[in-house]
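Using the sequences provided together with the hints, build the complete structure.
These protein sequence lines map, in sequence, to chains A and B. Per the numbering used here, the very first residue in the first sequence carries number 389; after that it's consecutive. Per the numbering used here, the very first residue in the second sequence carries number 389; after that it's consecutive.
None of these hints come from the bench; they were simulated from the model. Bear in mind the structure is a predicted one, so any value in this text is a computation, not a measurement. If a hint is listed, it holds; no wrong ones were tucked in.
If several chains are the same, the list does not tell them apart, and a pair holds so long as it fits within one copy or across any two.
Okay, derived cross-link-like pairs now, DSS-like style, lysine-lysine, Cα gap no bigger than 27 Å in a straight line:
| # | residue 1 | residue 2 |
| --- | --- | --- |
| 1 | K515 | K690 |
| 2 | K466 | K489 |
| 3 | K466 | K681 |
| 4 | K566 | K681 |
| 5 | K488 | K703 |
| 6 | K662 | K566 |
Number of protein chains: 2
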Amino acid sequence: MKQVVFGVDIGGTFSKYGLVDRTGNVLIEGSIPTDTYDNVVDYQKSLHEALEGVMIQFRDTCELKGIGFGAPNANYYKGTIEHAANLRWKGIVHFVDLFKKYYNLPIVITNDANAAAIGEGIYGGAKEMNDYLVITLGTGLGSGFVSGGELTYGFNGFAGEFGHTLALSNGRQCGCGKRGCLETYASATGIKRTVFQLMCDMTEDSELRQYNFYEITSEMIYEAALRNDPIALKAFEFTGSLLGERLADAVAITTPEAIFLFGGLAKSGEVLFKPIRESFESNLLPVYRNQIKILPSGLQDKNIAVMGASALIWKELSR
Amino acid sequence: MKQVVFGVDIGGTFSKYGLVDRTGNVLIEGSIPTDTYDNVVDYQKSLHEALEGVMIQFRDTCELKGIGFGAPNANYYKGTIEHAANLRWKGIVHFVDLFKKYYNLPIVITNDANAAAIGEGIYGGAKEMNDYLVITLGTGLGSGFVSGGELTYGFNGFAGEFGHTLALSNGRQCGCGKRGCLETYASATGIKRTVFQLMCDMTEDSELRQYNFYEITSEMIYEAALRNDPIALKAFEFTGSLLGERLADAVAITTPEAIFLFGGLAKSGEVLFKPIRESFESNLLPVYRNQIKILPSGLQDKNIAVMGASALIWKELSR
Numbered sequence: 389m390k391q392v393v394f395g396v397d398i399g400g401t402f403s404k405y406g407l408v409d410r411t412g413n414v415l416i417e418g419s420i421p422t423d424t425y426d427n428v429v430d431y432q433k434s435l436h437e438a439l440e441g442v443m444i445q446f447r448d449t450c451e452l453k454g455i456g457f458g459a460p461n462a463n464y465y466k467g468t469i470e471h472a473a474n475l476r477w478k479g480i481v482h483f484v485d486l487f488k489k490y491y492n493l494p495i496v497i498t499n500d501a502n503a504a505a506i507g508e509g510i511y512g513g514a515k516e517m518n519d520y521l522v523i524t525l526g527t528g529l530g531s532g533f534v535s536g537g538e539l540t541y542g543f544n545g546f547a548g549e550f551g552h553t554l555a556l557s558n559g560r561q562c563g564c565g566k567r568g569c570l571e572t573y574a575s576a577t578g579i580k581r582t583v584f585q586l587m588c589d590m591t592e593d594s595e596l597r598q599y600n601f602y603e604i605t606s607e608m609i610y611e612a613a614l615r616n617d618p619i620a621l622k623a624f625e626f627t628g629s630l631l632g633e634r635l636a637d638a639v640a641i642t643t644p645e646a647i648f649l650f651g652g653l654a655k656s657g658e659v660l661f662k663p664i665r666e667s668f669e670s671n672l673l674p675v676y677r678n679q680i681k682i683l684p685s686g687l688q689d690k691n692i693a694v695m696g697a698s699a700l701i702w703k704e705l706s707r
Numbered sequence: 389m390k391q392v393v394f395g396v397d398i399g400g401t402f403s404k405y406g407l408v409d410r411t412g413n414v415l416i417e418g419s420i421p422t423d424t425y426d427n428v429v430d431y432q433k434s435l436h437e438a439l440e441g442v443m444i445q446f447r448d449t450c451e452l453k454g455i456g457f458g459a460p461n462a463n464y465y466k467g468t469i470e471h472a473a474n475l476r477w478k479g480i481v482h483f484v485d486l487f488k489k490y491y492n493l494p495i496v497i498t499n500d501a502n503a504a505a506i507g508e509g510i511y512g513g514a515k516e517m518n519d520y521l522v523i524t525l526g527t528g529l530g531s532g533f534v535s536g537g538e539l540t541y542g543f544n545g546f547a548g549e550f551g552h553t554l555a556l557s558n559g560r561q562c563g564c565g566k567r568g569c570l571e572t573y574a575s576a577t578g579i580k581r582t583v584f585q586l587m588c589d590m591t592e593d594s595e596l597r598q599y600n601f602y603e604i605t606s607e608m609i610y611e612a613a614l615r616n617d618p619i620a621l622k623a624f625e626f627t628g629s630l631l632g633e634r635l636a637d638a639v640a641i642t643t644p645e646a647i648f649l650f651g652g653l654a655k656s657g658e659v660l661f662k663p664i665r666e667s668f669e670s671n672l673l674p675v676y677r678n679q680i681k682i683l684p685s686g687l688q689d690k691n692i693a694v695m696g697a698s699a700l701i702w703k704e705l706s707r
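Now the structure itself:
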């Protein structure tokens, strides 16, 4: 019997699931809606039916070892989802306890970026590493710090909010209520905001000037940069430089062997990685220089959300 | 037989040692010079003789379980002291390997701030905590991050250099070669530099104006603050505010249950702790607010360097 786990990525609109083996092969994937369920109990009932539907096909060949969940504002210690802004289940949801009625197996939940970090360690580029950092550059900036082989959850389970450390004093307004948070600069949304700042500061023509704020995406900025658009290039340079500087400070705290960047923006290649590395090295304390790799995630084109969630169980079983 | 360990704090001028029991009682203390030994082998020979001299008195009542060292630029993983600026032994010194010829017992080395952090966990205020942070405010700013019960050493053993994260962009020149490092503001030296900046910026009279740069100490600034000296008060407010802001960012990464401040400056009480706490809380991400304690070290008036070094062994034996 092949050992397998379910990974479930709970998003605001859809929840994606996948049946994953120990080496990261996704045997089957599927999804159910999330936002049609007012009540988490009804949601879990539907999810359970979907998972059972999948297991019918694999019952004779696979042994299910557990179910891992990635969700916004999830708390690993308590098995809860707490005040998640983009989910309909308000307050503190005891997600794992509630789901245990369906399975007598390990069930674990954590937030998306933490799941991505564990996925990188189980299936990705950090397999041989005990100390590494995963940064997800999406709408916001998520992070998962792994030290001595263990994810840093913090005393209350909510550690790893690197996106909300200060990048620039009195800087951009952040959704969290503070100003100048790193994710207001280094994220898909952040680089878009930078483009608008540069369209104001610079006089050069740019293909990006023909689009309004809602139209522009980080992919369009990347495409423009490939065509040597001056504003797009400058936006990547600014974003990379600021992120590199902040990563140098993260190194002074946890000193990872490598930093993995994941997400749409991280697919931009050297146009982003070059300014990151330059700024990173020049801001590092000398004792750390020329030792720490900044790499694209080893799971870049895979469904890291589902895989990361599934990896939680392999991690749990390895204890 | 009472179980005991030696803690040895290797300083530039003197090396202090103490025989310490599991609850932190220092049975005896002593010291040998450090800077009279060109050669680490000769130093270790003298140290061994000193320790043996101590053990003669305790041979019948105590069982020696190991020897822990705190030293600048020490590497826990490799047992080395590497390029320590204030020691005469240059390059990479394989300190632990060399000292093993004297004892068939656990011998461990780490840097001073890491040792202080482990001491806080074994003997001090963090006995019941798995996630905490110790900041030592001395000539510089040292730090030891403990996550999930383990000190964060980083992949190369040199993690925990919080004093060299950025506090102010293009700020003060730091001894490390960078600018704006936190320790150029939040340390005994840092607050002195701040006083000189304020003597330039402000017009108010101050008792501190009668001293030159070499004369002023952080104790004098504290004494002046107690007498409501406007420049001294402002210096503490600025120092505390900046440190509080930076500690809020550290929380976003590792989320400790408590932050312990140790060292001369940390004895300043509310004149320092009040601005730290105010700035800390207002810079925290909402999910962390009103949960994380900022406390003076539980070992404040003890010899934390020797005790911390000794604690390394209890920590090692608890694995």
